[in-house]
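A.B. asks: Sequence:
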Amino acid sequence: MSWLAVRADDPEPVMAGLGLRDLGEVDVRAGLDLAHFTDDRVIVTGPIEGWVLVAGRWLFGEHPAAGLSAKLSTEVQYFATHRGTLTHRWERAVDGDLSDVFRGTEDDLVDEQDVFARAKGWSVDPRRLPVATLHIAAVPVN
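In full-length UniProt numbering, the protein residues as written are 1 to 142.
Keep in mind the hints are simulated off the structure, nothing from the lab. Warning: the hint list may mix true and false statements.
[Claimed, not checked] What follows is a list of derived Cβ distance ranges for each label pair:
#1 Asp95 with Gly24: 28 to 36 Å
#2 Leu23 with Asp97: 28 to 36 Å
#3 Glu25 with Leu86: 29 to 37 Å
#4 Asp22 with Phe102: 27 to 35 Å
#5 Leu86 with Pro13: 29 to 37 Å
#6 Ser73 with Asp22: 18 to 26 Å
#7 Asp9 with Phe102: 26 to 34 Å
#8 Leu109 with Arg29: 28 to 36 Å
#9 Ser73 with Asp100: 12 to 20 Å
#10 Phe60 with Gln113: 12 to 20 Å
#11 Thr85 with Asp33: 17 to 25 Å
#12 Pro13 with Asp97: 15 to 23 Å
Using N, Cα and C, we set each Cβ at its ideal position, and we do this for glycine too.
Please take these sequences and the hints and turn them into a complete structure.
C.D. replies: What follows is the structure in structure tokens.
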């Protein structure tokens, strides 16, 4: 899974900044399934402790933190972990400037637990979503 944590009090500017089209609310389980098993949908949370999360396969391999951070003039964090390829990533950008980047593979002594720990330390652990519903959004068509 891949996700963004965006310092924001409203998901609307985050969705606009990514070019997402809001498709409405969905319960957490259905939303996570759609985001995990499709390439054209992501889930978007409302604000959680000052952060809006966007998650989905669409973000894997993308590194939008710096660009989105510059566009929204805020802090944006990118996280990715993939058990199959043993790929683990994180990056943090503030006002468009990357300040911390890690892009590891199976040769590094990092695993998905490190990615979740980094997310928790910086913003929000996405495994602990305190919401009952999420927004499902369509990704931009290239």
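A.B. asks: Hint compliance check: list the failing hint numbers for this structure, sorted ascending.
C.D. replies: none
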